[in-house]
Amino acid sequence: MSAYIIRRVIQVIIMMFVLSFICYYMLSLMPGDPVDILASSNPKITTGDIERLKALYGLDKPAYVRYGNWLNSFIHGDFGYSRTYRIPVMELIGPRLFNTFILSLSSLLLSLVLGVAIGVYAGLKPGGKFDYLANLCAYAGISTPAFWLAIVLIILFSVAVPIFPAGGTITVGTNLQGFAAWLDRGKYLVLPILSLTALQAGVFVRFARSSMMEAMGYDFIRTARAKGLNRRVVVWKHAFRNALIPLLTIVALSMSNLFSGAVLTETVFAYQGVGSLIYKAIIESDFNVAMVSFLVSIFMVLIMNLIADLLYAAADPRITYD
Amino acid sequence: MSDENLQSFDDDSQALSMQQIVWHQFIEHKMAVVGMAIITIFVMIALSAPMISKITGIDPEKQNIFKRYQKPFSTIEYSQDDKEAAIEKFIEEDAERSQRIIAAARSANVLESEVTDEDFLFEIILSEDKSAQNRLWELKSQDISELESLCSRFTSFHLLGTDELGRDVLMRLVFGTRVSIAFGIMVALASAFLGLLIGSLAGYYGGWIDSLLSRFIDALLSLPSIPLMIIFAAVDISKIPFVGGMLEGENQSVLKLSIVIALFSWMTVARLVRGSILSIKEREFILAAKTLGARDVSIILSHIVPNVISPLLVAVTLNVGNSILSEAALSFLGLGIQPPTPSWGNMLFNAQELIFEAPLLAILPGLLILLTVISFNFVGDGLQNAIDPKSIRR
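Sequence lines, in order, name chains A and B. So the first sequence is numbered by this note's numbering: it starts at 1142 and just counts up by one. So the second sequence is numbered by this note's numbering: it starts at 2 and just counts up by one.
No lab work stands behind these hints, which were simulated from the structure alone. None of the values given here were measured: they were computed from a predicted structure. Where is the CB? At the ideal position from N, CA and C, for every residue including glycine. Please note that a few of the clues may not be correct.
Pairwise CB distance ranges, derived in the manner of DEER restraints [as the list claims (entries may be wrong)]:
1. B:R98 with A:A1411: 55 to 65 Å
2. A:L1179 with B:V116: 54 to 64 Å
3. B:R284 with A:G1235: 52 to 62 Å
4. A:P1267 with B:D219: 47 to 57 Å
5. B:V116 with A:V1300: 32 to 42 Å
6. B:Q253 with A:P1203: 50 to 60 Å
7. B:D60 with A:L1297: 46 to 56 Å
8. B:D60 with A:A1411: 32 to 42 Å
Distance condition first, Cα-Cα at most 27 Å in a straight line; then the derived DSSO-like pairs of lysine-lysine [what the hints assert, rightly or not]:
9. A:K1378 with A:K1195
10. B:K240 with A:K1421
11. A:K1270 with B:K141
12. B:K31 with A:K1266
13. B:K31 with B:K55
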């Protein structure tokens, strides 16, 4: 088991290295480097100045040399400085990560509860009316563009019937404490969580349904029924517990999906999370922020992936990693 | 299979071919059939988009910034500039014809004030006061009725209103269908090709090639695709050595986006192909082909590919839907297909800030995306059920 964990961790580290280089190289291919951006807002600058500045910051060197410099300072804990926010990247990332974590985790939990409940009921009576409806909704959830659902929710609940704020993370200018602060935060979270949940729940409904159908076909279910067990006990204690195990793999796989959805949802709702930060940093050519937020969030996704895989092994004693 | 089919099966005492079995299984999946119908309609709309534009006389690119955000079912008038241009064209087409009209109009005293010949027609048609225009129409001659029919086309009817630049929303949706569906199919085929290539390499050769490629596939699958695509799509193509020059041109943004999405969507196909090849490779007919001295390429192409074609079809169908979704997401972020080329995604790009003025602009393109993607998903599901040997009831 520990050998497996070590191997996976090494894999994650190698992936992070490769990704950081790819990301750095891609960013170097984006229109305009920091000095170009600086020069465009300063009409008095001469071409000589630009060249001197580029030499000063090492921007005239090839990408791999610059990557080496960046990696060196990154490993020594220097994440750089944000060009647009004018604060160290470290200070920027922390609260953003926390916000994304709240958003993703609550939608993951909500979509799991909803998806599994609907999927299990649909799977008990395949071909029935409820199954048909659930299947249709699940497909709709999978096929809906994440950002569009967010826009529709804003139109419904912020424009037509203004119950929830259209965007933001907390009410700006208030200094709430304790419970009131959480309530305020919750108000801004409702719509983003709803739209992320709708996207995620479809996958869980379909998976829970098929694994429940499979579980209900096992011999031990027939035995349990034959010996006169209560239907509820048969369904929840015998079938459901067996159907639950493969569900964990889907949870592991859906981490990346969830984060992809979070990037779009956060952008539409102007939610101050790490997902919208990646997008904004790239659009505004804020390279330090783009690098760090991209790498940190992918690292998080990979770690969550690993945890879900380990939980899978813990839940099913038949599975051993070696 | 329905009873009727069973009947004919018994009567002819002839086995159904594989295609027939698949077809019967497929049409039993109601949603898949509905999806198929929707896709067919959309594809037909996409193919006939230029014809629709010609018949209705509405140009999807035509802007009218004075008539932005018109409500559905609204009729709008051309701007003065457009009218002037149209009259100028009318005069240039046949100078003598306009001279005849002017002469007729002068003799009938259509216009009270003194105007030079150059300005005459403009004065009549462009003035706020329509009385001179009406007097001219009353003169009735072949030339004048030609001018009248030109002027009657100065208004256009917009079934779904106009967008932020005064363009017709319906026509942009029609052309967006063309772009988005063509894009989805193109990218799905490209990623199927990539997946087939990499999957067959991994499956056929096995060993270290297989473990290396499989690791690579697993790694890519575990990464969130949207942030990766954002980073790749934001790249300035002209900065890339070698490739940069090849992608220059009008449709650069479409081409770049299709490469980016195809790069991150071949993995499921590769996995599928690898799995199928692993199970097929040990079968006797492959051994026979090898014994006869067939080359690897011909074994893969003529013996293995036909055996993975049906699961591949399912994967491609599902990939079309996913590619349309990715295209929409990236275009929505402003990193995808660039205007003026309309796609469902970039129609949503501006719509977000204007949900107060024009909620319909934000709702309609997304609804079409949803309808298309769900159709492709249902068709994929139907195909999967139909070709899955476990679900085939003979």
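Evaluated hints:
For the pair R98 of chain B and A1411 of chain A, the supplied restraint of 55 to 65 Å holds, since their beta-carbon distance comes to about 59 Å. The hint said 54 to 64 Å for the Cβ distance between L1179 of chain A and V116 of chain B, and at roughly 58 Å that hint holds. Roughly 57 Å separates the CB atoms of R284 of chain B and G1235 of chain A, a value that falls within the hinted 52 to 62 Å. Checked against the given bound of 47 to 57 Å, the beta carbons of P1267 of chain A and D219 of chain B, roughly 32 Å apart, lie outside it.
Look at V116 of chain B against V1300 of chain A: about 51 Å separates their beta carbons, and that is not inside 32 to 42 Å. Separated by about 26 Å at the C-beta atoms, Q253 of chain B and P1203 of chain A break the suggested range of 50 to 60 Å. Checked against the hint of 46 to 56 Å, the C-beta distance between D60 of chain B and L1297 of chain A comes to roughly 34 Å, which is inconsistent with it. As the Cβ distance of D60 of chain B to A1411 of chain A is approximately 35 Å, the hint placing it in 32 to 42 Å holds.
Under the criterion of a C-alpha separation no larger than 27 Å, the hint pairing K1378 of chain A with K1195 of chain A is inconsistent with the structure, at around 67 Å. With a CA separation close to 21 Å, the supplied pair K240 of chain B and K1421 of chain A stays within the 27 Å bound. Of the supplied pair hints, the one linking K1270 of chain A and K141 of chain B is violated, its CA atoms being roughly 67 Å apart against a limit of 27 Å. Note on K31 of chain B and K1266 of chain A: the hinted pairing holds, with a Cα-Cα distance of about 18 Å set against a maximum of 27 Å.
For the given pair, K31 of chain B sits about 36 Å from K55 of chain B by alpha-carbon distance, which is inconsistent with the 27 Å threshold.
In this structure, the earlier hints numbered 4, 5, 6, 7, 9, 11 and 13 are contradicted, and the remaining ones agree with it.
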